[in-house]
Amino acid sequence: MGNFMNNLRNKMARFMYGRYGIDKMGTFMTGTAMGCLLLSLLFGGSFLGRGLYYLALILLIWSYFRMFSKNTGKRYQENVKFLLIKNRISGPLSRKWAHLKQRKTHVFFKCPSCGQKMRTPKGQGEKHVTCPKCHTQFTKRT
Numbered sequence: 001m002g003n004f005m006n007n008l009r010n011k012m013a014r015f016m017y018g019r020y021g022i023d024k025m026g027t028f029m030t031g032t033a034m035g036c037l038l039l040s041l042l043f044g045g046s047f048l049g050r051g052l053y054y055l056a057l058i059l060l061i062w063s064y065f066r067m068f069s070k071n072t073g074k075r076y077q078e079n080v081k082f083l084l085i086k087n088r089i090s091g092p093l094s095r096k097w098a099h100l101k102q103r104k105t106h107v108f109f110k111c112p113s114c115g116q117k118m119r120t121p122k123g124q125g126e127k128h129v130t131c132p133k134c135h136t137q138f139t140k141r142t
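Per the working numbering, the very first residue in the sequence shown carries number 1; after that it's consecutive.
Simulated from the structure, these hints should not be mistaken for laboratory data.
Be a bit skeptical, because a hint or two may be false.
Below, simulated BS3-like cross-link-like pairs (lysine-lysine); rule was C-alpha separation at most 27 angstroms, straight line [to be verified]:
hint, residue 1, residue 2
1, LYS96, LYS24
2, LYS81, LYS11
3, LYS81, LYS96
4, LYS110, LYS70
Simulated DEER-style distance windows between Cβ atoms [what the hints assert, rightly or not]:
hint, residue 1, residue 2, range
5, VAL80, MET12, 25 to 33 angstroms
6, HIS135, ARG14, 33 to 41 angstroms
7, LEU83, THR120, 31 to 39 angstroms
Cβ atoms here follow ideal geometry from the backbone N, Cα and C, with glycine treated the same way.
All chains should be modelled from the sequences, with the hints used to inform the complete structure.
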């Protein structure tokens, strides 16, 4: 059994040689397709259920096409565009989430002259702070 699995793994590796493989966009499309399939089961034979089923089918076919493609340059450019859009949407949300997680251990404040956001650990009493942007010095209670 072990020899069979090794042979299968080697054949798959040879088949995938020179092909693009999976990336963040492919992972997102596959996950979205699985979500659409689950929702289509929930909505049954309704118009929405059938639409979600066909959307999932299209996403899976597209993700497999990208995975097995030998045009790696074009697939890479598609992934870069996807990541730029994803980061434009999720970037501010992830910064807010990090701010919420750190609020128990850090004090967040703005520079009085330029408005640069800064943070310092809590519980250090009065602290002299220098803004990294405009070099204004001021005192902040932490």
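Hint by hint, here is what the structure shows:
1. LYS96 with LYS24: holds (23 angstroms)
2. LYS81 with LYS11: violated (32 angstroms)
3. LYS81 with LYS96: Holds - the C-alpha atoms of LYS96 and LYS81 are around 24 angstroms apart, at most 27 angstroms.
4. LYS110 with LYS70: Given that 27 angstroms is the threshold and the Cα spacing comes to 50 angstroms, the pair is violated.
5. VAL80 with MET12: 25 to 33 angstroms: Given a distance of about 27 angstroms, which is inside 25 to 33 angstroms, the answer is holds.
6. HIS135 with ARG14: 33 to 41 angstroms: Roughly 60 angstroms apart at Cβ, these two residues miss the hinted range, so it is violated.
7. LEU83 with THR120: 31 to 39 angstroms: For THR120 against LEU83, whose Cβ atoms are near 32 angstroms apart, the range 31 to 39 angstroms holds.
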